[in-house]
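**Student:** Using the sequences and the hints, build the whole thing.
For the sequence shown, the residue numbers in this note's numbering are 4 to 256.
Simulated from the structure, these hints should not be mistaken for lab results.
Quick reminder that beta carbons are idealized off the backbone N, C-alpha and C, glycines included.
Among the hints, erroneous ones may be present.
[Unchecked claim] For each label pair, taking beta carbons as the anchor points, the in silico distance ranges come out as:
1. K195 with T123: 16 to 26 Å
2. A104 with L26: 38 to 48 Å
3. L55 with I102: 34 to 44 Å
4. R59 with T123: 17 to 27 Å
5. A104 with L39: 38 to 48 Å
6. P44 with L239: 18 to 28 Å
7. F105 with K195: 20 to 30 Å
8. F207 with A149: 35 to 45 Å
9. F21 with K195: 15 to 25 Å
[Claimed, not checked] Heads up, simulated EDC-like pairs for lysine to aspartate or glutamate below, C-alpha to C-alpha not over 16 Å straight-line:
10. K49 with E38
11. K184 with E241
12. K195 with E241
13. K13 with E241
14. K62 with E208
15. K218 with E38
16. K49 with E222
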Amino acid sequence: MKKNFVFLKKILITLGAFGVLLLIWQIAFFCVGNELLLPPPFECFKEVFFLLGQGRFWKGFSSTLLRALAAFALSLIVGGGFAVVAYLLPAFRAFLAPIVAFLRALPTVAVILLILVFSTPSSAPVAVACLALTPMLYSSALAAFAGVDGELVELCKVYRVPLKKRVFSLYLPIASPYLLKESTAGLSFALKLVVSAEVLATTFESVGGMMQEAKLALEIPALFALTVCVVAVGFLVEGLGSLLARFVERRVK
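**Tutor:** In structure tokens, the structure reads:
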């Protein structure tokens, strides 16, 4: 009963936060007084429902989502794999430290422009998202493994538990709740990165491409509506990830 009350309380707080944001948006619209600069919330949500009925929107959105999923999967495999090795081999962790720091410091816009020279507008967003996501997921996975109980690790060494069994029966199960939460945040971030890259690359049949077209045609409600759709999907992904992480954490405990 208490858990249900806490869950309901969180939902109400979230809805209240959205209500405050909409109120601020409406007040900002009244202050600006120009729909070309800032359309009212009602016009944007009306445009959202219009977009949801368009086949062109779903085609572009599915292409963007597939790019985000591809970038996330590649980054998770590379970043997670390197994190396992770095956790087991401190020397390898020290070797990767400056490389990870360098990748984090790369400016996204400059990377997009450079990658566009050597790739196409459809593949550049995936490459850009991978470069930004891989160090983030690597650090998250490394932090999750570092949270494994040191006594359990020592016991495994004393009893000479095989490395494969340690990784899949100890490290990954204990670190999985944190990894899931961070991974879903990474997927949401991947979607935002891919859309941003698509805008700069003017990727055909994509959310970013549609945003660029809306901006050039001064269709500001459509631009805001596309942004609302991306934010809503990102919020949904993070919410589902938090619930899944909580479920896994209960099973692990």
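**Student:** Look at each hint and say if it fits the structure.
**Tutor:** Going through the hints against the structure:
In this structure, K195 and T123 meet the distance hint of 16 to 26 Å, their C-beta atoms being roughly 21 Å apart. Checked against the hint of 38 to 48 Å, the C-beta distance between A104 and L26 comes to roughly 41 Å, which is consistent with it. Checked against the hint of 34 to 44 Å, the pair L55 and I102 passes, with Cβ atoms roughly 42 Å apart. The hinted range of 17 to 27 Å is satisfied by R59 and T123, whose Cβ atoms lie roughly 21 Å apart.
Separation of A104 from L39 is about 43 Å and conforms to the stated range, judged on CB atoms against 38 to 48 Å. For the hinted restraint 18 to 28 Å between P44 and L239, the CB-CB distance of approximately 19 Å keeps it satisfied. As the Cβ distance of F105 to K195 is approximately 22 Å, the hint placing it in 20 to 30 Å holds. For F207 and A149, the hinted distance range of 35 to 45 Å is satisfied, since their beta carbons lie about 43 Å from each other.
Separation of F21 from K195 is about 19 Å and conforms to the stated range, judged on CB atoms against 15 to 25 Å. Restraint check: the Cα-Cα separation between K49 and E38 comes to about 14 Å, which is no more than 16 Å; the hinted pair holds. Taking the CA atoms of K184 and E241, the gap is about 8 Å. The hint holds against a cut of 16 Å. Of the supplied pair hints, the one linking K195 and E241 holds, its CA atoms being roughly 13 Å apart against a limit of 16 Å.
With a CA separation close to 15 Å, the supplied pair K13 and E241 stays within the 16 Å bound. The suggested pairing of K62 with E208 holds, with an alpha-carbon distance near 7 Å, which does not exceed 16 Å. Proposed proximity of K218 and E38 is supported: the alpha carbons are some 13 Å apart, at most 16 Å. Note on K49 and E222: the hinted pairing holds, with a Cα-Cα distance of about 13 Å set against a maximum of 16 Å.
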